[in-house]
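Enquirer: Heads up: the protein sequence lines correspond to chains F and H, in order.
The first sequence stops at residue 114 when you use the working numbering, and every number in between is there.
The second sequence stops at residue 115 when you use the working numbering, and every number in between is there.
Since the hints were made in silico from the structure, they are not lab data.
All C-beta atoms, glycine included, are put in the ideal place defined by N, C-alpha and C.
Treat the hints with care, since some could be wrong.
Said to hold, decoys possible - Capping the alpha-carbon separation at 30 Å, the derived lysine-lysine pairs in BS3-like fashion look like this:
| no. | chain 1 | residue 1 | chain 2 | residue 2 |
| --- | --- | --- | --- | --- |
| 1 | F | K58 | F | K69 |
| 2 | F | K58 | F | K101 |
| 3 | F | K58 | H | K65 |
| 4 | F | K101 | H | K7 |
| 5 | H | K7 | H | K65 |
| 6 | F | K95 | F | K69 |
| 7 | F | K95 | F | K58 |
| 8 | F | K101 | F | K69 |
| 9 | H | K65 | F | K95 |
Stated by the list, open to error - Pair ranges (Cβ atoms, derived):
| no. | chain 1 | residue 1 | chain 2 | residue 2 | range |
| --- | --- | --- | --- | --- | --- |
| 10 | H | D26 | F | P12 | 36 to 44 Å |
| 11 | F | P12 | H | P39 | 19 to 27 Å |
| 12 | F | P12 | H | I63 | 40 to 48 Å |
As the list claims (entries may be wrong) - Chain F regions said to be covered by chain H (calculated; three or more residues, Cβ under 8 Å):
| no. | stretch |
| --- | --- |
| 13 | 43 to 57 |
| 14 | 101 to 114 |
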Amino acid sequence: AQSVTQLDSQVPVFEEAPVELRCNYSSSVSVYLFWYVQYPNQGLQLLLKYLSGSTLVKGINGFEAEFNKSQTSFHLRKPSVHISDTAEYFCAVSKGGATNKLIFGTGTLLAVQP
Amino acid sequence: SAVISQKPSRDICQRGTSLTIQCQVDSQVTMMFWYRQQPGQSLTLIATANQGSEATYESGFVIDKFPISRPNLTFSTLTVSNMSPEDSSIYLCSVERGSPNYGYTFGSGTRLTVV
Numbered sequence: 001a002q003s004v005t006q007l008d009s010q011v012p013v014f015e016e017a018p019v020e021l022r023c024n025y026s027s028s029v030s031v032y033l034f035w036y037v038q039y040p041n042q043g044l045q046l047l048l049k050y051l052s053g054s055t056l057v058k059g060i061n062g063f064e065a066e067f068n069k070s071q072t073s074f075h076l077r078k079p080s081v082h083i084s085d086t087a088e089y090f091c092a093v094s095k096g097g098a099t100n101k102l103i104f105g106t107g108t109l110l111a112v113q114p
Numbered sequence: 001s002a003v004i005s006q007k008p009s010r011d012i013c014q015r016g017t018s019l020t021i022q023c024q025v026d027s028q029v030t031m032m033f034w035y036r037q038q039p040g041q042s043l044t045l046i047a048t049a050n051q052g053s054e055a056t057y058e059s060g061f062v063i064d065k066f067p068i069s070r071p072n073l074t075f076s077t078l079t080v081s082n083m084s085p086e087d088s089s090i091y092l093c094s095v096e097r098g099s100p101n102y103g104y105t106f107g108s109g110t111r112l113t114v115v
């Protein structure tokens, strides 16, 4: 079965600094990978997804992620963060097919400070 | 992507009672999922609901506690039965429109408090 690990429960960063949120997955089959964002007291919003093809995926709000099969990672990056990026970020994996449930990591709180 | 309407948005319930949460999608979808997000935690999958078949429950979740209905391709309900304070969570439904290309869309959630 697939699983997702987000090692950092919280990442504090100053405004306009770059940030990387780490995500590692484990699966014996090819997977689809996703990053979701949850702003305070709001639902989940899809940031970006990797299905196949180019390993560098660009998403909304200036975020991007790179799929690295050899390291089984899908880290999320942004070159310059804003206060408004403060939120919980979830990495998730699905193996597609008939049993394509989405499994979430534990989440990383990105806390942007002025 | 699909638009999901989830009701109620929040509720405060007495222990021992049951609450039914509704999830309405604006288009037909094959698979619907129900998640629980406990305070300060990530999302945990409760079950997968396909139209015309029994829901498939994840380890730790049982039908008697979380009965699910899926009467058609646009609607599903999750009931939280015989509630206790430990059931206080956000419950979310999600759909996947037959292809990961569309991503998974989530409802806005039901914030349940059991007193």
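Enquirer: Now tell me if each hint is right for this structure.
Expert: To see whether the hints hold, each was checked on the structure:
For the hint linking K58/F to K69/F, the alpha-carbon distance of about 17 Å falls within 30 Å, and the restraint holds. Proximity of K58/F to K101/F is assessed by CA-CA distance (about 23 Å); at most 30 Å being required, the pair is judged to hold. Under the criterion of a C-alpha separation no larger than 30 Å, the hint pairing K58/F with K65/H is inconsistent with the structure, at around 41 Å. A hinted pair counts as satisfied when its Cα atoms are at most 30 Å apart, and K101/F with K7/H qualifies at roughly 22 Å.
The hinted pair formed by K7/H and K65/H meets the criterion: a straight-line CA distance of about 19 Å does not exceed 30 Å. A threshold of 30 Å between alpha carbons decides the hint, and for K95/F with K69/F the separation of about 14 Å falls inside it, so the pair holds. Between K95/F and K58/F, the direct Cα distance comes to roughly 21 Å. Compliance with the 30 Å bound is thereby established for this hinted pair. Distance restraint check for K101/F and K69/F: the Cα-Cα separation of roughly 21 Å lies within the 30 Å cut-off, and the hinted pair is therefore satisfied.
For the given pair, K65/H sits about 28 Å from K95/F by alpha-carbon distance, which is consistent with the 30 Å threshold. For D26/H and P12/F, the hinted distance range of 36 to 44 Å is satisfied, since their beta carbons lie about 39 Å from each other. Restraint check, P12/F to P39/H: a C-beta distance of roughly 21 Å satisfies the suggested window 19 to 27 Å. One distance hint, 40 to 48 Å for the beta-carbon pair P12/F and I63/H, holds here, with the actual separation near 43 Å.
Counting residues of the stretch 43 to 57 of chain F whose beta-carbon sits less than 8 Å from any beta-carbon of chain H gives 5, enough to reach three: the coverage restraint holds. Figure legend: the stretch 101 to 114 of chain F, annotated as covered by chain H; annotation consistent (7 residues with Cβ-Cβ distances under 8 Å, at least 3 required).
In this structure, the one hint that does not hold is number 3.
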